[in-house]
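Novice: Knowing the structure of chain L, use the given hints to seat chain B on it.
2 protein chains.
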Amino acid sequence: MTVPTDRTRRPFRMDEGVAILERTPATLDALLRGLPDGWIHAHEGAGTWSPFDVLGHLVHGERTDWMARVRILLEHGETRAFDPFDRFAQFAESKGRTLDSVLDEFAARRADNLAALAALRLSDADFVRRGRHASLGGVTLGQLLATWVAHDLDHVTQISRVLARQYSDEVGPWRAYLRIISGEQG
Amino acid sequence: MTVPTDRTRRPFRMDEGVAILERTPATLDALLRGLPDGWIHAHEGAGTWSPFDVLGHLVHGERTDWMARVRILLEHGETRAFDPFDRFAQFAESKGRTLDSVLDEFAARRADNLAALAALRLSDADFVRRGRHASLGGVTLGQLLATWVAHDLDHVTQISRVLARQYSDEVGPWRAYLRIISGEQG
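Chains as they are written, first to last, in numbering that gives the first Met the number 0: chain L, 0 to 185; chain B, 0 to 185.
Just so you know, the hints here were simulated from the structure itself, not pulled from any lab data.
One or more hints might be untrue.
Per the computed footprint, the stretches of chain B lying under chain L, defined by three or more beta-carbons under 8 Å from a beta-carbon of chain L, are [stated by the list, open to error]: (1) 7 to 16; (2) 37 to 51; (3) 57 to 70.
Label-pair distances were calculated between CB atoms; the ranges are [unchecked claim]: (4) L:181 / B:133: 13 to 21 Å; (5) B:111 / L:73: 49 to 57 Å; (6) L:128 / B:17: 48 to 56 Å; (7) L:137 / B:80: 55 to 63 Å; (8) L:122 / B:178: 27 to 35 Å.
All C-beta atoms in this analysis are idealised placements derived from N, C-alpha and C, irrespective of residue type, glycine included.
Chain L on its own, in the form it takes in the complex (with noise of 0.2 Å):
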């Protein structure tokens, strides 16, 4: 991939990334509750996650992972490496429930990690601190934090893509503009 070496970039910082992070349990909500059955399990093929899916993952991640990766990092520094995050969890966690259940549970759960994260008062000389991953090996909490703000990001991206896709032939010969159909980055 080319990137421009012009475009903008963020620092990281604590309010900057709260900002997005207590803002996906809204969007999400917003675009997919109440939408018909045929949208929330809309897919790409084999293998590739739906919106519940996709919600489903991001409940899983608020149980289990990144609230516990921060702490783990600072209780035992690199000296113990984060427990792996299942991928694939949401397929029997997310069985049989409703799409509502599911996000009023990503809603709950990011608020009280939203707010055990501020309870620990860390600061940007926090940031610099060291964790392990097993296999990325050293990462920093900045990266960690950060990495939790991208990793919504990248999922409301996928939703979205997901849903437009299933258009790819119902908009005729307007799929040579539509970059998010014809496969082109805009």
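Specialist: Coordinates of chain B only, in the frame set by chain L:
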């Protein structure tokens, strides 16, 4: 682009298309209102659009494009081409405006346009009616309406991608796992 052959597709249905169209203003409101300016004006380099620019583009479409094209198609069929869509109008129109005012205008104009669309009482039989795009040639009403929907989702995808990539450096080694940053599609 290789497209898996077993992915789901939706046929265009008015209720399912409108279900997306009516949610987009609230989705972008939840994602963007109150975000720090650095996020709102983030971009991917020269010639690319910030979330603020994209929102102005969506407003311009509501003002001048989608319903105007529906009406031209219904009144003139293929005898009159649609007016061209100015993809750069937002740079003048949005200049000096607050994000909040653009979000408010998008929600109001979208609601008005969906009310006007409902008042046309279109049925599935109307979706094959034909109009003419100045560059693309003959198109159907169903394709026009499906494109309105996919265009919304294309730009939701774009906004969340632009935001995610602000942390391309900040995520450190996790870059390899974040497809929105590494450039791979999930």
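Novice: Now tell me, hint by hint, if it's right for this structure.
Specialist: Hints versus structure:
no. : hint                      : verdict
1   : 7 to 16                   : holds (count 7)
2   : 37 to 51                  : holds (count 10)
3   : 57 to 70                  : violated (count 0)
4   : L:181 / B:133: 13 to 21 Å : holds, 19 Å
5   : B:111 / L:73: 49 to 57 Å  : holds, 51 Å
6   : L:128 / B:17: 48 to 56 Å  : holds, 49 Å
7   : L:137 / B:80: 55 to 63 Å  : holds, 60 Å
8   : L:122 / B:178: 27 to 35 Å : holds, 31 Å
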